[in-house]
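Trainee: Read off the chains here:
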Amino acid sequence: MSAPGAAAPTALANANEIPAHLRHPGSAVAKWVFVGLTVLFLTAMIILPAANIFRQAFAKGVGAYVQTFYVPEKDTAQMERKERRKYNLEFSQARKTRDAIGLTVTVAAVVVPLNLVFGLAAAWAVTKFRFRGRTLFVSLIDLPFAVSPVVAGLVFILILGRVGFFGDWATNIYWPAPTSIQWHGFAESWNPFGFSTWHQGVIFTPLGIVLASAFVTFPFVARALIPLMDSQGTDQEQAALTLGASGLRTFFKITLPQIKWALLYGVILCLARCFGEFGAVSVVSGSTDPNDTMPLRIEKLWQEYNTQAAFSVASLLAVVSVLTLLLKIVIEKRAAAQMSEKKKEVAEP
Amino acid sequence: MSIEVKNITKTFGTFKALDNVSLKIETGELHALLGPSGSGKTTLLRIIAGLELADQGQGEVLFNDQIVDGQHVSQRKVGFVFQHYALFRHMTVAENIAFGLKARPRAQRPPRAEIKDRVARLLEMVQLANLAHRMPSQLSGGQRQRVALARALAVEPKVLLLDEPFGALDAKVRRELRKWVRKLHEDIGITSVFVTHDQEEALELADRVSIMNQGQIEQLGSPEQVYENPASPFVLKFLGNVNLFHGRQKSYVRPHDVVINGIEGAGGESFPAEIEHIGFGGPVVNITLRRLDHDSTIEAIVPREQQKTLGLHRGQKVSLSVRDPRVFENDYEI
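Protein chains in written order, with the numbering used here: chain A, 1 to 349; chain B, 1 to 334.
Derived by calculation from the structure, the hints in this document are not laboratory data. A few of these clues could be false.
Unchecked claim - DEER-style ranges, computed between Cβ atoms:
1. B:PRO111 x A:LEU143: 35 to 43 Å
2. B:ALA120 x A:ALA109: 41 to 49 Å
3. B:ALA120 x A:ILE331: 29 to 37 Å
4. B:PHE15 x A:LEU40: 38 to 46 Å
5. B:LEU62 x A:VAL147: 50 to 58 Å
6. B:GLU124 x A:LEU143: 49 to 57 Å
Given the structure is predicted, the values throughout are model-derived calculations rather than measurements. Note that beta-carbon positions come from the ideal geometry of N, C-alpha and C, so glycine has one too.
Can you make the complete structure from the sequences, with help from the hints?
Mentor: What follows is the structure in structure tokens.
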């Protein structure tokens with residue numbers, strides 16, 4: 001990390017330091033009991049399981065770990081029948097795992113921007129306007145937190161499935177796989193693009209997974225923004241308007257700079273949850289291999305007694321979690337550093 | 001530029017904030033909207049600015065006799081100073097002031113150097129040149145107020161609207177800033193309207209005062225007019241302390257118009273009273289008296305000199321007479 005980031009903790013530490021005469025004397029025994037209990041809990045519930053993920057993932061060595069994700073192509077003609085079957089299985093398993101990672105990233109790439117926009121819109125609506133039913137609206141934002149993800153998935157099946165609540169209309173939707181886009185040129189039609197792969201329906205397709213993930217991760221961005229935007233009120237936006245700024249300019253120059261860290265924080269939580277969501281996605285994916293996201297893939301490998309492979313994929317999710325945590329710390333430090341930099345600027349005029 | 005509002009009504013739910021209000025403010029005037037909280041004065045100011053819209057089909061707002069109801073707040077070219085300043089907290093003082101100029105469409109935007117120049121001049125004017133690079137959080141209340149003023153003036157508005165401009169400041173800063181704003185107004189001569197609940201502030205600062213009550217303007221006039229000739233008991237009571245005398249007729253008397261003779265039974269209508277308390281008030285003393293012929297207390301203000309010569313002291317029995325009592329027709333209050 002750069003120098004300004006490193007400077008922040010000391011500045012913060014100084015600011016938060018409690019003068020000696022104000023410090024609660026407390027009891028040393030109580031202090032160590034509480035610290036001890038916390039450490040014990042963290043060790044048993046988080047550190048040991050996390051370490052175990054990596055121990056299991058690398059149980060058969062680095063080679064086996066890599067093979068979970070990638071098996072090089074070989075000429076199978078020379079192999080014995082038994083050897084060939086084993087190789088083919090390993091090859092297809094690795095490909096499925098890679099596809100699962102690809103699908104997870106794709107879904108996140110769609111869901112996170114969607115929820116960034118929806119979350120921002122919801123937070124905006126709730127904090128900058130007063131309208132009838134606002135309290136209900138706020139509760140609705142939290143609904144995905146309150147509902148079991150499995151139930152959420154089932155609701156999607158009930159609405160969009162073959163025996164859906166409103167009939168089977170959703171199963172007649174055809175939509176192209178975005179990754180299968182092809183260039184046809186203008187010879188055949190005015191539209192030079194075409195798609196080689198089309199999906200039918202919503203449930204049991206990646207579109208269903210996107211919907212389920214979007215539902216489950218919706219509150220994160222809105223929740224991160226609402227308290228902050230609530231406390232800021234609308235005075236500054238109104239001031240910008242009286243100064244002749246347009247609505248867009250007001251948003252980008254006044255609102256956004258003041259909420260950007262909270263926004264990023266919400267996006268990171270949203271992303272982490274999107275990668276890790278199991279229940280809702282499990283219901284709408286239909287358990288077909290092409291619809292596996294990473295958590296679903298982990299479960300399948302585990303069911304097939306392929307413990308090492310299951311933990312290898314899990315190790316990726318664990319890394320994502322750790323990265324999320326680090327990113328969160330960096331973001332918080334950056335915000336603090338920005339503040340203290342500006343203070344320094346002024347201190348020496 | 002003159003400002004005129006005609007027959008404005010504004011309701012919030014079932015609450016009538018403004019009830020058919022009309023008002024004309026002349027070019028170059030410094031006008032005060034004075035009233036207790038909930039009287040609709042801030043709502044009126046916000047409707048003039050375009051931050052709030054009057055009820056559908058109810059009245060109109062005119063700048064220089066041109067209807068501006070259709071204009072968005074960003075088009076009206078008003079300078080608005082918010083009660084809590086609403087400074088952009090992520091921008092320095094200089095950036096705050098420059099915001100309005102930078103926000104102009106490209107064709108009307110002054111070149112960078114000119115913006116810098118103008119910001120420097122405004123900072124000079126509000127005496128904050130050395131604080132240009134501070135963040136708003138590092139300023140005192142009075143300094144923030146002046147930044148807000150400079151920011152509003154930077155876009156060269158045609159009218160300046162101030163919402164409780166001194167409300168959040170302590171008494172000393174408030175008095176200084178008041179004088180400074182009066183001088184500023186005389187220097188630049190911009191039509192200005194400010195909202196306040198402080199009668200002293202309104203009377204000292206404004207050319208003309210509108211006294212508002214329950215969504216209506218009770219009286220409009222110069223400070224002298226409204227103070228000397230209040231149109232209603234409300235105006236009289238709002239513009240300073242007043243005693244209610246139940247004599248042969250119901251009359252209102254300001255504390256400094258209560259005469260303590262010290263001699264029982266002096267000429268005119270007089271009332272026996274007993275001094276309950278004498279409070280020190282600098283050059284004057286505030287005397288609380290209890291009437292002996294009626295269950296009520298009277299506040300009187302007399303110069304310190306007079307207190308000494310009359311030898312007024314607590315528990316003393318005196319007789320009161322009044323100068324300049326006010327009587328209103330149809331006054332059924334109390």
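Trainee: State for each hint whether it applies.
Mentor: Hint-by-hint comparison with the structure:
The given range of 35 to 43 Å is broken by B:PRO111 and A:LEU143, whose C-beta atoms sit roughly 52 Å from each other. The hint said 41 to 49 Å for the Cβ distance between B:ALA120 and A:ALA109, and at roughly 48 Å that hint holds. At about 36 Å, the CB distance of B:ALA120 to A:ILE331 agrees with the hint of 29 to 37 Å. One distance hint, 38 to 46 Å for the beta-carbon pair B:PHE15 and A:LEU40, is violated here, with the actual separation near 59 Å.
Judged by the Cβ atoms, the range 50 to 58 Å given for B:LEU62 and A:VAL147 holds: they are separated by roughly 55 Å. At about 56 Å, the beta-carbon gap between B:GLU124 and A:LEU143 stays in the expected band of 49 to 57 Å.
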